[in-house]
Amino acid sequence: MLARLRMPVDDCIEEYKTLGDRMFGNPRRSYQGGWQGLVSKKNKSATIPLEEAIQDVIRRCGKISGDQEGAMTFKSPTGLCRAIVLAGREVASGGEGQAVMETLFLLRSYNNFAPPPSEARLNAISPLTGASIAAPRNLGQGTSFAAWEVGRAATAARFVFEPLEIELRDATIATNPAEEVKKELRNILRESDKKIRTWVSIGTTRPSETHIQSSDPEFVHRSLEEWASDARYFRFNGPNGPRDQNVVEMSEWWPPGSGTQTMEKMDTAFANYMLQPGNHTKLRECAQLLVECRRRRTTESRSHWDWDEMRHGTAEIRSSSICARIMGCG
0 MLARLRMPVD
10 DCIEEYKTLG
20 DRMFGNPRRS
30 YQGGWQGLVS
40 KKNKSATIPL
50 EEAIQDVIRR
60 CGKISGDQEG
70 AMTFKSPTGL
80 CRAIVLAGRE
90 VASGGEGQAV
100 METLFLLRSY
110 NNFAPPPSEA
120 RLNAISPLTG
130 ASIAAPRNLG
140 QGTSFAAWEV
150 GRAATAARFV
160 FEPLEIELRD
170 ATIATNPAEE
180 VKKELRNILR
190 ESDKKIRTWV
200 SIGTTRPSET
210 HIQSSDPEFV
220 HRSLEEWASD
230 ARYFRFNGPN
240 GPRDQNVVEM
250 SEWWPPGSGT
260 QTMEKMDTAF
270 ANYMLQPGNH
280 TKLRECAQLL
290 VECRRRRTTE
300 SRSHWDWDEM
310 RHGTAEIRSS
320 SICARIMGCG
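Last residue of the sequence shown: 329 (numbering that gives the first Met the number 0), numbering continuous.
FYI, nobody ran anything at the bench for these hints, they're computed from the structure.
Each residue gets a CB set at the ideal place from its N, CA and C atoms; glycine is no exception.
Heads up, a few of these hints could be off.
DEER-style ranges, computed between Cβ atoms [what the hints assert, rightly or not]: (1) LEU282 x ALA70: 35 to 41 Å; (2) TYR15 x THR280: 48 to 54 Å; (3) VAL199 x ASP266: 42 to 48 Å; (4) ILE47 x GLN275: 39 to 45 Å; (5) GLU284 x ALA70: 25 to 31 Å; (6) SER257 x LYS194: 42 to 48 Å; (7) ASP9 x THR280: 19 to 25 Å.
Lysine-lysine pairs mimicking DSSO-like chemistry, simulated, CA-CA at most 30 Å apart [said to hold, decoys possible]: (8) LYS194 x LYS182; (9) LYS264 x LYS16; (10) LYS194 x LYS264; (11) LYS182 x LYS62; (12) LYS182 x LYS193; (13) LYS264 x LYS281.
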């Protein structure tokens, strides 16, 4: 909704309320045989209503007529803000059903023909995360998948929705989404004097389920602080843990139909987070920097680009600014 349909945040929240009930309002029960014949129950939301809900949003907000929602690809017209979605699958499991690693593919809304880094750079390892520093993933044309397919792939959480199976080539091993964005930007900007001025990382208040250090969001967060030393780096993430009353399960939606209690729980959790020392000030500072970034883009010389054309994605980028999905502007 944010990246491809370019919807305002308030509109996204309203759409989420509708999507929430269609996706989570009527979960189905699935049963699995357990040890010594015991049966365990799991809530699993139906997949077809989810796909229909995503397609409906694309038809209405993307102004797509009839059943042509598949005609809107995730790849955006040249000139719009860039977005990536990470797609992958579990290839091994640890104890108690925990994922160990995933194969990974970047679904880009843009082309990335930046030449791969040198062999020395490819082999370089971060001393903090133990991951490859600069290895880019599946460079080339942006994805040809439909926007609804990418949205559907982004909701394939284990034990909540059945995964969407798509054929990917040149998939590799995942570490962490923020780490992948860092590699992508490092590759794009490495031969340029452009720099990331503002980096915003938003957590889910959920602890890592992989138990791999390089996949731990907070561990990668420290890596990003180190890498973005010349930028203003903001990390927003509430307290986490299974006993935290602020945690909202992905499939939680109560009561069915309105979901008002779940939405109120989210609002209360955010309000409590803002009451913690420094968080409100940090959020205002972040918002101010992002607004200043937007204003700089609107006041740049018209010899570089036409803002109205740029806003609607009909002009080539010729300015020195880059605006990525992670809200980093340079």
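Do the hints match the structure? See the list:
1. LEU282 x ALA70: 35 to 41 Å: For LEU282 and ALA70 the Cβ distance comes to about 38 Å; the hint holds.
2. TYR15 x THR280: 48 to 54 Å: violated, 27 Å
3. VAL199 x ASP266: 42 to 48 Å: The hinted range 42 to 48 Å is violated for VAL199 and ASP266, with Cβ atoms some 21 Å apart.
4. ILE47 x GLN275: 39 to 45 Å: Because 41 Å falls inside the window, the suggested range holds.
5. GLU284 x ALA70: 25 to 31 Å: About 41 Å separates the Cβ atoms of GLU284 and ALA70, which means 25 to 31 Å is violated.
6. SER257 x LYS194: 42 to 48 Å: Holds - the Cβ-Cβ distance for SER257 and LYS194, about 46 Å, lies within 42 to 48 Å.
7. ASP9 x THR280: 19 to 25 Å: holds, 23 Å
8. LYS194 x LYS182: holds, 14 Å
9. LYS264 x LYS16: holds, 13 Å
10. LYS194 x LYS264: violated, 38 Å
11. LYS182 x LYS62: violated, 34 Å
12. LYS182 x LYS193: holds, 15 Å
13. LYS264 x LYS281: holds, 23 Å
Of the numbered hints listed earlier, those contradicted by the structure are 2, 3, 5, 10, 11.
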